[in-house]
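Asks: The lines below spell out each chain.
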Amino acid sequence: MTVSPSSFIQGAGSLLAGLGVTIRAMFQPVVTSQYPRQLLNISPRFRGHIKLLASTENPEKNGCIACGICAKNCPSGSIKNVEGEKREGEKRKTATSYTLDYTTCSQCGICVESCPSDCLAFSADFNCAGYKREDFYYELVKEFEKRKKTS
Amino acid sequence: MEQIGNMIGWETVKMVVGLVGVLIFVVFNALILTWAERKVAGHMQRRIGPKEVGPYGLIQPIADALKLLGKEILTPRDVDKPLYYLAPMIIFVPVLVSFIVIPFSASLLVMDINVGILVILAFSSLSVFSILMAGWGSNNKYALIGAIRSIAQNIAYEIPLLLSLLPIIMMTNSFSLKTIVEAQNGLWFVVYQPLAFLIYFIAAVAETNRTPFDLPEAESELVAGYHTEYSGMRFALFFLAEYTNIFIVSAIAVTFFLGGYQGPFLPGIVWFLLKSYSLVFVIMWLRWTFPRVRFDQLLNISWKALIPLAFINLLVTGGLLKL
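In the order they appear, the protein sequences are chains A and B.
In terms of this note's numbering, the numbers along the first sequence are unbroken and rise by one, the last being 151.
In terms of this note's numbering, the numbers along the second sequence are unbroken and rise by one, the last being 323.
Just to be clear, a hint being listed does not mean it is correct.
Residues on chain A that point at chain B, a partial pick, calculated with CB under 8 Å [claimed, not checked]:
{"no.": "1", "residue": "Thr22"}
{"no.": "2", "residue": "Ile23"}
{"no.": "3", "residue": "Ala25"}
{"no.": "4", "residue": "Met26"}
{"no.": "5", "residue": "Val31"}
{"no.": "6", "residue": "Thr32"}
{"no.": "7", "residue": "Pro75"}
What the hints contain is simulated information worked out from the structure, not anything from laboratory work.
Ideal placement from N, C-alpha and C gives every residue a C-beta, glycine not left out.
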């Protein structure tokens, strides 16, 4: 290990520069978000589980016409029980049940793209947690009604 | 009180009180330092660090200590039992002995021995012994490699450590820490001996097995080094000794180079703790700045740079003193 004086000075300088970086970082504001108390803004293109949107004609009811195209297109077969009924004075059916099995969903978005009435969208729901598999079988029609009530 | 004192001798009472005080200080110091270490680490990485338990996470170390106390004391099946049991106890002896001679202030000093610094250096060599016992007794390859590294490192760095303190001892003609502090009434010795201070500080960081010289405990290579197989309170003893050692090397640096407990306005103990903890902060600062050195680099720094420089420094000091 032969060290020339110039490289020694250079090395010592770089050590001090490194110390400078850390001490400056110490007095700068923190960049982390304190999760349970502080939430980040969710990007508009975030893909959570899908949700039903309101109908364009009648915002009181969901826009799903129970055609079942999403269920047929789903590559993982995660969408089940798409059923609806035709109410009086309406041209199309309205969904009464719509089950999403979130355990197999891969958020590919084919259902959202293929929906003919544009009533499917990604939700921003990111903190889903449950104790059993059944906790992730989402009833989207019920969820829509609940959302409507709270908003 | 007088009677009890006469019966067993005031010196004994003083020693017992001193030892209890030292024990309390050791535990308190380790609690504060673990908290400080995590806070410093956090802020240097632009995080917050512990914040949930108590204000600013101040109760966190107590929660951790309680957890360690409550854990079952596990003994792996194939360990060498006497060595395995003794190691964490022996690592605590040098720690306690060192505190006896460190002058916290002009009057706050358990015992002013006229070979004070020799006591500290001699006993701190014992910790190598305990590390070897822990590494060998654990019957674990990581522990053994960590222990061997630690010994090679501690032996290499004990020499520059001693050699950097010798010029001061030559200047003051005394091994007593109190005399050395009193001799720095005017100017601190760091002004006369900047090179010795630098050498001492580098060697001290290596002696305490701290980054960038933390090869014995390198998490990424050796799990945890010599205390891999220890858990619960036995691990806590290693941890306690480690953090106390950081304080001790800083306290010796303050005593030898930075004027010890001397300073204007504030009482001696405040100055002493202020200076010591500033140095402890610098050691933490180094840890969160520099990456670990390679093993050949580690030994080269000591044998090829620090020891020759320390010898030259010693010779020059001796020559100047003779003039």
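Asks: With reference to the structure, classify each hint as holding or not holding.
Replies: Tested hints:
1. Thr22: 4 Å, holds
2. Ile23: At 7 Å from the nearest chain B Cβ, isoleucine 23 (chain A) passes the 8 Å test, so the hint holds.
3. Ala25: 5 Å, holds
4. Met26: 5 Å, holds
5. Val31: 5 Å, holds
6. Thr32: It holds, given that the least Cβ distance between threonine 32 (chain A) and chain B is near 5 Å, below 8 Å.
7. Pro75: 40 Å, violated
This entry does not satisfy hint 7, going by the numbered hints stated previously; all others are met.
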